[in-house]
Amino acid sequence: MPIEVNGKTLETDEEGYLVNLDDWEPGVAEVMAKEDDLELTDEHWEIINFLREYYEEYQIAPAVRVLTKAVGKRLGKDKGNSKYLYGLFPYGPGKQACRYAGLPKPTGCV
Amino acid sequence: MSDTKKFMFLNRRAPYGTIHAWESLEVVLIAAAFEQEVSLMFVDDGVFELVKGQDTSEIGMKNFSPTYRTLGDYEVRHMYVDKASLEARGLTAEDLVEVEWEDWETEETVDNIVEVVDSDKVVELMEESDVVFSF
Numbered sequence: 001m002p003i004e005v006n007g008k009t010l011e012t013d014e015e016g017y018l019v020n021l022d023d024w025e026p027g028v029a030e031v032m033a034k035e036d037d038l039e040l041t042d043e044h045w046e047i048i049n050f051l052r053e054y055y056e057e058y059q060i061a062p063a064v065r066v067l068t069k070a071v072g073k074r075l076g077k078d079k080g081n082s083k084y085l086y087g088l089f090p091y092g093p094g095k096q097a098c099r100y101a102g103l104p105k106p107t108g109c110v
Numbered sequence: 111m112s113d114t115k116k117f118m119f120l121n122r123r124a125p126y127g128t129i130h131a132w133e134s135l136e137v138v139l140i141a142a143a144f145e146q147e148v149s150l151m152f153v154d155d156g157v158f159e160l161v162k163g164q165d166t167s168e169i170g171m172k173n174f175s176p177t178y179r180t181l182g183d184y185e186v187r188h189m190y191v192d193k194a195s196l197e198a199r200g201l202t203a204e205d206l207v208e209v210e211w212e213d214w215e216t217e218e219t220v221d222n223i224v225e226v227v228d229s230d231k232v233v234e235l236m237e238e239s240d241v242v243f244s245f
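Those sequence lines, one after another, are chains F and C. Once you know that position 42 of the first sequence is 42 in our numbering, the rest is easy, because the numbers rise by one and skip nothing. Once you know that position 26 of the second sequence is 136 in our numbering, the rest is easy, because the numbers rise by one and skip nothing.
One should not assume that every hint holds.
Facing chain C, a subset of chain F residues (Cβ under 7 Å, in silico) [unchecked claim]:
| hint | residue |
| --- | --- |
| 1 | TYR58 |
| 2 | GLN59 |
| 3 | ILE60 |
| 4 | ALA63 |
| 5 | THR107 |
Treat the hints as calculated values from the structure; they're not laboratory data. Here the structure is a predicted model, which is why all the values come from computation and not from measurement. From the three backbone atoms N, C-alpha and C, an ideal C-beta is built for every residue, glycine too.
Please build the complete structure, drawing on both the sequences and the hints.
Structure follows, in C-alpha cells:
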C-alpha cells in the first residue's frame, strides 16, 4: 500500500515497509507514526537515527537482541533494555522502528 | 543452555555470481539470533567473501561485505579462514576484513575474530561441530 509523504507517493510492501530504501526522508517516519497513533519524540528519533546509522555501516537491519545491546552501549544502559524500547515502539522495536527508519524487516524476524 | 548446538557454516564459493554466500550469511544471522553457538569457516573461493574494499556497483548486486563486520554483535565468536585457500589465491590475512567481538557485560574484547588456520585445524574444527552447513 503506497503512502503519501510531502506530496510524493512512496511504494511500500504488504507489511508497510518502504520498497525503495532511497525514498526515505524524516516525513516517512512521521506519516507512519501518525497511522499508528504514535507521536514521535526525541527518544523515538534517537532510535530511528541509530538504526539508520547501523544500516549505513553494516547493510542490514539488526536483530532486536543486537539492537538492544547496541543501544545500551551507544546511548546508555538505561536505554539498552527491551522495556524501554517496547515503551517507545509497542509493536516491537525491531519491526516498528525499522519500518519508520525506512529499513527492511530485520533478518530472522517473523 | 543444554540445547545449544555448535553450528559451523562452511563457505566455499565466491560472494557474487551465485546466491550461496548471501544465503549463508542470512542463515548465520538467524541462527545466531536464536542463541546457538555459531562459527564460520571460509574455504576455496569462499575466502573472497571476506576480502576488504568490495565494490559491486557495476554488477547490480548488493554489496553485503560490510555485514560480516557486525557478526561479533551477533555473538559469533570465530570466523576461520583456510590458509591454503588464501595462499592459492594470492591473498593474506591483511586483505581480509576485521571483525571485533565484545562481551557487553564484562567488556572483554577480541579485536579480531577472523583467524587463519591450517588444513589440519580445519578438519579438527569441522569434526567437533554438531552441525555443518555447507554453502
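For each hint, the structure was consulted:
Hint on F/TYR58 holds. Least Cβ distance to chain C is approximately 4 Å, under the 7 Å limit. Interface restraint check: F/GLN59 against chain C, minimum CB-CB distance 5 Å, threshold 7 Å, status holds. Checking F/ILE60 against chain C by beta carbon gives a least distance of about 5 Å; that is within 7 Å, so the hint holds. With 7 Å as the threshold, the beta carbon of F/ALA63 comes within range of chain C, its nearest partner Cβ sitting at about 4 Å, so the hint holds.
Below 7 Å, beta-carbon pairs count as interface contacts, and F/THR107 has one with chain C at about 5 Å; its hint therefore holds.
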